[in-house]
Amino acid sequence: MRALSILRSFRVLLAYLAPLTSRALATPLTSLLPVNMKNVLSIQSHVVFGHAGNSAAEFPMRRLGVNVWPINTVQFSNHTQYGKWTGQALPSDEILRLVEGIADIGELGNCDAVLSGYLGAPEQAGYVRAAVQRVKQANPAAIYLCDPVMGHPEKGCQVKPGIEQYLVEHMPEIADIMTPNHLELEKLSQHPIDSFDDAVAACRALLARGPKMVLVKHLEYAGKPADRFDMLVVTRDEAWHGSRPLYPFSRHPVGVGDLTSGVFLARLLKGDTVRAAFEHTLAAVDAVLSVTHLAGRYELEIVRAQDEIVTPPRHYEARAV
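So the sequence shown is numbered by our numbering: it starts at 32 and just counts up by one.
Since the hints were derived computationally from the structure, they do not count as laboratory data.
It cannot be assumed that every hint is accurate.
Below, computed lysine-lysine pairings styled on DSS-like, alpha-carbon distance capped at 25 angstroms [said to hold, decoys possible]:
id	residue 1	residue 2
1	243	301
2	167	115
3	191	115
4	218	191
5	255	167
6	255	301
7	243	218
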């Protein structure tokens, strides 16, 4: 008898909760359905351990609400600045084969952007260019962000001979956005950079070669405070300068540029203005580096700082140039 009474009470409770539960579930599920998810074809390196290339850019872009279709130009055990690694490059023609595979299932037209970074062989550069053209054929509104990774032997970042030449000679004419560092900007623009004004002029010289936007991921110039890390973004109509703290790492983490390019592209695809995307990128990358420094780590603490990538705790206001 007691069991029957408990059962009746339970049924009454379920009947009472059912409308509340259905409303609670229905509202969030429908509100979470996006009108149009953005998709990025990301063609760059992958490391099994740590964060560089796609391993640094893919997860942050997804956390920011962008789908990522990764093609790994190389698969290495770890990034090259450890001084030793194992792994190999993807056969160059496989890049275009994979893109054609996406086209064959009718999905290539849904690609909103291509992001390219570290290349494992000079032949890959030509296939990346062909892949960009194929995507734009399928979706003329798609944009291409070229992160022109040319290597820095003094820091242990190594690329194969011939890659730099191809990037300098052929990528500016097809890129919508380029994200060089200081040294790469000098090579792409053929302008030495000693002052801040030199950097702006170099960006404008590069814009004249084809891109609509240049984001300088790391800017050095005479008079820059030693404890600051500067960035610059220039379009044909506007220019913004930003600065964040430079953390005193014993060994500076690798993959910061890859993270920067990925976050910046994701924010643009989400509808940010150039300034808003730039300021979010400054703050998000700063948050990752702050967490990494506090943790005493060499590899970027991207997973630990994932919430800060989406909602950075600090804001760095950009200055109009």
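Tested hints:
1. 243 <-> 301: holds (18 angstroms)
2. 167 <-> 115: Violated - the C-alpha atoms of residue 115 and residue 167 are around 38 angstroms apart, more than 25 angstroms.
3. 191 <-> 115: holds (16 angstroms)
4. 218 <-> 191: holds (16 angstroms)
5. 255 <-> 167: violated (40 angstroms)
6. 255 <-> 301: With a Cα-Cα distance of about 32 angstroms, the restraint between residue 255 and residue 301 is violated, given a limit of 25 angstroms.
7. 243 <-> 218: holds (18 angstroms)
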